[in-house]
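Engineer: Residue-level listing of the chains:
There are 2 protein chains.
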Amino acid sequence: MLEEIQLQQVLPQEIEKRSFEIITEELGNVELDPLQAPIIKRAIHTSADFDYLKNLTFSELAVEQFHTAIKNGACIVTDTQMAKSGINKKELAKYGGEVYCFMSDDDVAEIAKKQGSTRAVASMEKACMLDKPLIFAIGNAPTALVRLYELIDEGKLHPCGIIGVPVGFVNVVEAKELIMRTPVPYIVARGRKGGSNIAAAICNALLYELRDMEK
Amino acid sequence: MLEEIQLQQVLPQEIEKRSFEIITEELGNVELDPLQAPIIKRAIHTSADFDYLKNLTFSELAVEQFHTAIKNGACIVTDTQMAKSGINKKELAKYGGEVYCFMSDDDVAEIAKKQGSTRAVASMEKACMLDKPLIFAIGNAPTALVRLYELIDEGKLHPCGIIGVPVGFVNVVEAKELIMRTPVPYIVARGRKGGSNIAAAICNALLYELRDMEK
Chain X
947 MLEEIQLQQV LPQEIEKRSF EIITEELGNV ELDPLQAPII KRAIHTSADF DYLKNLTFSE
1007 LAVEQFHTAI KNGACIVTDT QMAKSGINKK ELAKYGGEVY CFMSDDDVAE IAKKQGSTRA
1067 VASMEKACML DKPLIFAIGN APTALVRLYE LIDEGKLHPC GIIGVPVGFV NVVEAKELIM
1127 RTPVPYIVAR GRKGGSNIAA AICNALLYEL RDMEK
Chain L
947 MLEEIQLQQV LPQEIEKRSF EIITEELGNV ELDPLQAPII KRAIHTSADF DYLKNLTFSE
1007 LAVEQFHTAI KNGACIVTDT QMAKSGINKK ELAKYGGEVY CFMSDDDVAE IAKKQGSTRA
1067 VASMEKACML DKPLIFAIGN APTALVRLYE LIDEGKLHPC GIIGVPVGFV NVVEAKELIM
1127 RTPVPYIVAR GRKGGSNIAA AICNALLYEL RDMEK
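From first to last, the protein sequence lines are chains X and L.
Letter by letter, the first sequence follows residues 947 to 1161 of our numbering.
Letter by letter, the second sequence follows residues 947 to 1161 of our numbering.
Please note: incorrect hints may appear among the correct ones.
It does not matter which identical chain is used: a pair holds within one copy or between any two.
Keeping only pairs whose Cα atoms sit at most 20 Å apart, straight-line, the calculated SDA-like set for lysine to any residue is [said to hold, decoys possible]:
1. LYS987 <-> GLY1137
2. LYS1017 <-> ARG1157
3. LYS1072 <-> ARG1138
4. LYS1035 <-> ILE969
5. LYS1059 <-> GLN959
6. LYS1060 <-> GLU949
7. LYS987 <-> ARG1138
8. LYS1000 <-> ARG964
9. LYS1059 <-> GLY1101
10. LYS1060 <-> GLN955
11. LYS1036 <-> ASP979
Worth flagging that the hints you see were computed from the coordinates, not collected in a lab.
Bound-form chain X, shown alone (with noise of 0.2 Å):
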């Protein structure tokens, strides 16, 4: 006979707060900085890894700096048409900011393909022409991270802050020490894992504590 399988009666509305206080519940008496908290747990509530607790790295005052940048009007350039699509653009639109993703562009391939570089790379330096402050959310290419650490560093891009949590196995990780060692606030997950998920998910957690704190 099979066993009974027995669901939980959760309010749709309450489902998210659940899994909230069950991660908060898990992860015990760990000590996390109050405004880097929501971020490693909306990560963990995306993937259901607890590895973000150990591999999410924030320069100093990171939160603070991308909260400032949103409140600016920054705008969010992705290298996923999938991390665009997890964003919360609404929320954003608030404070006048928009999303980007180039990756489809037929201007992007072309560059790439003549330059022997990736669609990823070539997105970057499009996005190098937007006249607007930036949030970059890097969660699949290390190519655009390693792009953007070029950029930095011949001081033809400025951004408010990098999102970089690409996922896989090749520069994955050497790309996220590099934005390591730019000047601009990061939130890096250290290693190998990450992904569009994983990006889109910081940018909601950052949009939803500036929600939250305004309340």
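Let chain X serve as the given structure and place chain L on it in line with the hints.
Structural biologist: What follows is chain L alone, placed relative to chain X:
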């Protein structure tokens, strides 16, 4: 002095290939079913999380049945715009299939509110009206899986397959176990892990396997 960061020189078009080689190396001597292997590896590729080796569970002949469904023009219904955006719609279109996500539809929001259910539940009910062969790819909402289970149990829905990989902490484990009790072919990530990225990765792995078989 800072330690030198060494980037590997890998051609853009070789990065994915090299990543899969690394995954294969690190999996070592694990014996994988040859049809399941590309799916497991792509889930690991998209998350850098080797847990998917253990948690991905396939009903008997699942991969063959998903392939047949796709070749017969099955459409894919997802529970997030992120998953929809991550699925290779061009590959699917080769066989006549499309990807649907009803989560942002006004009528879905309205029905969910009226019923006191989730938009995921209402969007599964909307999908039920489609007169097409359907594969469900659920990466977020366990309530979607529970509703699918009920609709199948009541004889109102006959999907070709279910990719059941929602992520989370409330009823996620249980909802996946329910799906594994249906007669429908399934690919399920047992436990808490999963996500829109995993749902899209599994769909794409199925599509790329088909493409490679036809070469």
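Engineer: Decide, hint by hint, whether the structure agrees.
Structural biologist: Consistency of the hints with the structure:
1. LYS987 <-> GLY1137: Cα proximity of LYS987 and GLY1137: in one copy and across copies (18 Å, 18 Å).
2. LYS1017 <-> ARG1157: For LYS1017 and ARG1157, the Cα distance is within 20 Å only inside one copy (11 Å; across copies 47 Å).
3. LYS1072 <-> ARG1138: neither (26 Å within a copy, 38 Å between copies)
4. LYS1035 <-> ILE969: Classified as neither: same-chain Cα gap 26 Å, cross-chain 35 Å, threshold 20 Å.
5. LYS1059 <-> GLN959: Classified as between: cross-chain Cα gap 10 Å, same-chain 47 Å, threshold 20 Å.
6. LYS1060 <-> GLU949: So LYS1060 and GLU949 fail the 20 Å test inside a copy (60 Å) and across (33 Å) alike.
7. LYS987 <-> ARG1138: For LYS987 and ARG1138, both the intra-copy (19 Å) and inter-copy (15 Å) Cα distances are at most 20 Å.
8. LYS1000 <-> ARG964: This pair counts as neither: shortest intra-copy Cα distance 23 Å, inter-copy 27 Å.
9. LYS1059 <-> GLY1101: The answer is neither: 25 Å in one copy and 51 Å across copies each exceed 20 Å.
10. LYS1060 <-> GLN955: between (57 Å within a copy, 18 Å between copies)
11. LYS1036 <-> ASP979: Result: close neither inside a copy nor across copies, 27 Å intra and 44 Å inter.
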